[in-house]
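Visitor: Next come the chains, spelled out residue by residue.
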Amino acid sequence: MNRSIQPGPAAAVAAPEPRRYGSVNWLGVWTLYLKEVRRFVKVATQTILAPLVTTLLYLAIFVLAIGGAVHKIADVPFAEFLAPGLIMMAMVQNAFANSSSSLMIAKVQGNIVDVLMPPLSAGELICGFALGGVTRGLVVGFAMWSAIILIIPMGLHDLFFVLFHAVAASLMLSLLGVIGGIWAEKFDQMAAMTNFVITPLSFLSGTFYSIGSLPKFWYGVAHLDPFFYMIDGFRYGFTGHADGSLLAGVIALTSVNVALWMVAYRMFQRGYKLKA
Amino acid sequence: MADLAPRRFGAVNWRGLATLCLKDVRRSLREYRYSVLGPVISNLLFLAVFALALGGTASRVGELSFLQFLVPGLIIFAVCQAAYQTSSESLLFDKMEGMIADTLMAPLTPVELTAGYACSSAAAGLITGAAVAVPMLILVRLPVASLPLILFFAIGGALLHGLIGIVVGLWAERWDHYAAALTFLVIPFAFLSGTFYSIRSLPAVAEAAARLNPVFYVIDGFRAGCTGHADGSTTIGALVVGLIVLALGSFAHRLFRIGYKIKP
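If you're matching them up, the sequences are chains A and B in order. The numbering of the first sequence is the numbering used here, which starts it at 1 and goes up by one. The numbering of the second sequence is the numbering used here, which starts it at 1001 and goes up by one.
Everything hinted at is true.
Residues on chain B that point at chain A, a partial pick, calculated with CB under 8 Å: (1) G1038; (2) T1183; (3) L1202.
I should point out that these hints are in silico values taken from the structure, not numbers from a laboratory. A quick note: this is a predicted structure, and the numbers were derived from the prediction, not measured. Backbone N, C-alpha and C define an ideal beta-carbon position, used for all residues, glycine too.
Using the sequences and the hints given, assemble the complete structure.
Guide: Structure representation (structure tokens):
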């Protein structure tokens, strides 16, 4: 048997070159986004069904406990006033939970490198994480709405305001979640942010009552609270009743989103608490 | 050289029991931000939201103002939820980290294990409840009707939920399971049992169903002690709560005895 040694075929092929993208790595962003969405869909019981049940419980409790005494708030029947507030509350809490827990767990478990190593720019990272949170918020919101309209006759006054506030509010909380997730080092700190900042703000910003019933000082404060505008504008989309100025709301939400985006961008760009 | 001999106990290993009990109380207090401050804030939020949503309307339940009706419900709800969380989180955490062996190796009988976990979670629940009660009682005055009823139903409710926590903690294999039991079982039972409203305002069928719910008796009995207002009978309530605690206790004991999901 005569075996001559021949050069392998590999030697003939040129060395692999780095992959090229245009100005945006679309495939990378899409993959990160899909990862974020699949992450919450996989545990849908916890991420969609649980908030649905909790929010329906709130609805039942408030209607049973208060519906007897308070029939209408500003000419809107109490249950119809309450429903948009509750949907919005569920949406923002879930949008926040999605991006914050994803980053937090990735940091604690060390698999954040899998996100930092791929060729994704700071803007692309924010897009992936934030849009994942927005998707969760919108899915939860839609599920809530589908369940609630079976029980309560919710009208639709202006679709634009419903959609704008749903997306802007989910985006805002999702970006806050990105920032919180990067900042927090322990689950304690994350829980503290949820318990002492996000939940109080979403509870006290007019989800359950018209801010007209607040004392004068707090009525003024409420107008500085972006949570108030998102609930108020969203409610306007369903009922046609708004406590504050709609234009101010749209401007406030847009500018807060831009500001949060820039903060998150800066954090990813510098690798704040992410890179050595 | 002294002879090495196994340590001897009487019928009950009191020191072991006390150590097990203190372990979880300390664990709960160490994470006070989560276990104590969290419930204080969230229950004050509930109070604020209800007060604001009612606005100026003078809603009354029986002879009580609505807030007087609400406060005992919120306090006992905090007690029950904290008790559930203490035992279930402790067991599940120890199981997942493999530390449960430290508890199982110690010379503790299943009765002592059950009693230790139940007492520590009840104590942690009562501590959280007391912390929730203080700011609320400053804001809302309650005409205390009967201290024995308050103590009986606070302790009964805490034990009941501590025992549920033991069963869930032993059964659960992941945090998902723990969260599911909390979201779909413990919170709905408490919310729908008259924490926030009188069950007399319910439709007849729902009211009858609420009267079959043991958590209703815990809340109603505690409220009767705090305010004198009861939607049901406190005697029946005391019997129901006592019997359920015994039944859950023997069930939890059986799980510890057969080593359900904790021994190979």
